[in-house]
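Each chain, letter by letter, is given below.
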Amino acid sequence: MAEVKNILLSGVGGQGIILASKILATGLINAGYDVKMSEVHGMAQRGGSVTTQVRFGDKVYSPIIGKGQADILVSFETMETSRWLDFVKPDGKVVINDYRLASAPILIGTSNYPEGVIEFVKEQIDDTIVLNAAELANKLGNIKTMNVIIVGALIKALELEEIDWDQVIKETVKAKFVDMNIEALKLGMNQVK
Amino acid sequence: MKKFLTGNEAVARGAYESGVTYAAAYPGTPSTEILENIALYKEDIVAEWAPNEKVALESAFGASIAGARSLAAMKHVGVNVAADPLFTLGYTGVTGGLVLVSADDPGCHSSQNEQDNRYYAKFAKMACIEPSDSQESLDFVKEAYRISEEFDVAVLFRMTTRVCHSKGLVEEGVREEFEIIPYVKQPKKYIVAPANARLLHPVVEDRLKKLEAYSNNTFLNRIEWNDSKIGIVTSGVAYTYAKEVFGDNANYLKIGFSYPLPMDKIKEFAGRVETLYVIEELEPFMEEQMKVNGIQCIGKDKIPNVGELNPDIIAHALLGKEIETVKVDESKIVGRPPTLCAGCPHRGFFYQLSKKKNVMITGDIGCYTLGSAEPLNAIDTVICMGASISMGHGAQKAFAKNGVDIRVVSVIGDSTFMHTGINSLIDVAYNKGNTVNVILDNRITAMTGHQQNPGTGFTVQGEPTNQINFENLVEAIGIKHVVTVNPLKLDEVDKALEDAFNFDGPSVIITRWPCALKKYSQQDIEEFGPISSKCHVVEDKCKGCRICTKTGCPSISFDVTKKKAFIDPNQCVGCEVCLQSCPFDAIEKVGEK
Ligand SMILES: Cc1ncc(C[n+]2csc(CCOP(=O)(O)OP(=O)(O)O)c2C)c(N)n1
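Taken in sequence, the protein lines are chains A and L. 39 is the number of the first residue of the first sequence in this note's numbering; add one for each residue after it. 432 is the number of the first residue of the second sequence in this note's numbering; add one for each residue after it.
Pulled out of the complex, with its shape left as it was, chain A reads as follows:
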């Protein structure tokens, strides 16, 4: 029996987290898992903090997890990693996108963007993977592929490369973006050893 695995994706509204989780969930369903995915709509488009949870295994009941339960936290934005870090199992994994988006208090100057987030996360979680998806996406020629690059890293970190992800991309993104996103996914996978 496959034990249920828990994935937590965090980031900021507008970063394409919903599509990222859709790609992930589609691949897992194609592979025959039971999957539950939970997202919170509403304030998401207004620049607020956003998370989605994806759980998969033979049989999944709850759509959500509590603290200390995520096998992997994938953060699309650096500071958001700190906000959700205590959701990760102490022996879990973290994937951080080294990418900063200032929140309102930082923009208006009442707070500073916190320094040392990545170092702190590494101290807490041994298996921490850092990537600069924005740089990679720009190299690919489209910043919008950032989310798919991160999914690539996640797939590799979870050892899910066996699934036919090219097929999944074909099912989930518009035809004219398929090739670029397949490339983005590969690029992300290559970031993880």
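Hints are computed from structural coordinates only; laboratory data are not their basis. Accuracy of the hints is not assured; some may be wrong.
To be verified - Calculated cross-link-like contacts (lysine to aspartate or glutamate; reagent style DMTMM-like; alpha-carbon spacing at most 20 Å):
1. L:Lys434 - A:Asp202
2. L:Lys752 - A:Glu153
3. L:Lys1020 - L:Asp971
Claimed, not checked - Where chain A lies over chain L, by a calculated footprint (3+ residues, C-beta under 8 Å):
4. 755-761
5. 987-998
From the three backbone atoms N, C-alpha and C, an ideal C-beta is built for every residue, glycine too.
Dock chain L with the ligand against the given chain A, drawing on the hints supplied.
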């Protein structure tokens, strides 16, 4: 093949498969996508955005009396608005099956409270069904229609955020066409004059008894026996949490039909276990009724009735389990509250309003509620939809009567104005109020994700339709001082506010500019023109005064080392509010000058 659906999508599918031909709703998270998905069945179902929830329920009720299967959907607080027809519907019953979907929001993810609407079912004496996941959301809707007709009762279909917005695998069925029930006048049933109402009440009590008998036998309330001395009575998404925590180490009485409760079944279940837990989200709805019936159980004395549950909260509360977590460093977390978007038309208006002294600003619910946040701080109260105008009216009257020299400005969005604000404005005009009322018309219902409304000119199914003219409307109500402005032009806004303050009597300012995220219609393109070029900071001219950051635009940041403002070209849409705010003309349009 199974589909991966949210609970909301599954409810829509369930309504379709049940042969529903009429559905109405008012948007509200987490319920909104129910009607949006029903609207996709264009050929088979009439789907409509109503201006508010009372209207939605009443029109669905009308369709039921006409003999069709119908549905109304709303968020939990929407049921408060629809409560008047709801309670009497509890008396009359239905003709065609009628399902009212109430989407509750434990944890207040996007709501002003976390009321538990199962109490409405008990209060209004109707049936209550609670699905736990997407598959049940589809299957239970079908049973809801069957029950509704068999027992002559409307069904409150109670969902919660995690059921509405979680996806799971769902086996779909086919649509069963529902033959409309031939219309006959039934005055004793549908005219609730006192003489009839008195006769209806005992019928309702009798119906509840029959429903309780059904509740004891239905597959919606099922027992899962395992080898254990623990028994758990649970419902909704809490069932899935209980399964995660206890697995096969408990017996379950899973309640899908939660009003009237299957009290005999619960008693029998209780009698066969040693420890009985009640695991339910929010209020002790089942627990209270069980205790009144003399069933000993453990529930809210251990499990919180505040906020939403999750498996860990239950494991901690009932099993004393401590979950190991890693350290968090609070100094590495800065808040990330939602903000008005770059280019939001509400920003220009609130920026100018925030400069006014000696005003009380009553606000309302929508994106513009964010005008209350730093750095704009331009709203003093927000309670419920439509309240800005009426609360402002009462406050202004009280100030005047008691010699307090404060002017009241009431701000309300276009959709919210048509929801219930319009009644409040009638009050202002009728009772000779003296408030400044601002309708923030961003040409769409933005907060809930861009739904059409009576002001936009389109229906939920995308067809062109009548469009309310706000100016004509408020003039017809009796408001003499009415002006429409572009909220992105700060001097226009300022003049409108000053003129309104100087006018003796109630006034209306309509700010008219599309939401920055709105997909322009042909009319929008003609009226608002092409989107203009972005703004940038001319560093030589920037004195580092930070005034532009006071607009709260998320595309503007301040570089502390350079002491210069910076506009992120990836975010800026060229609304020019910052450009007008700069006292040193240091912000210019890209490509100009
Ligand atoms: C009774 C009730 N119904 C629905 C909602 C959900 N809701 C919150 S804001 C909003 C729409 C606001 O639209 P509008 O007034 O046009 O303002 P905008 O967000 O476009 O600025 C809705 C439907 C609610 N809070 N209360």
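Verification of the hints:
A hinted pair counts as satisfied when its Cα atoms are at most 20 Å apart, and Lys434 (chain L) with Asp202 (chain A) qualifies at roughly 19 Å. A threshold of 20 Å between alpha carbons decides the hint, and for Lys752 (chain L) with Glu153 (chain A) the separation of about 34 Å lies outside it, so the pair is violated. Our distance criterion of 20 Å between C-alpha atoms is met by Lys1020 (chain L) and Asp971 (chain L), whose separation comes to about 15 Å. Judged by the Cβ-Cβ criterion of 8 Å, the stretch 755-761 of chain L is covered by chain A as claimed, because 6 of its residues qualify and three suffice.
Counting residues of the stretch 987-998 of chain L whose beta carbon lies closer than 8 Å to any beta carbon of chain A gives 4, which reaches the threshold of three, so the coverage claim holds.
When each numbered hint is compared with the structure, a violation occurs for hint 2 only.
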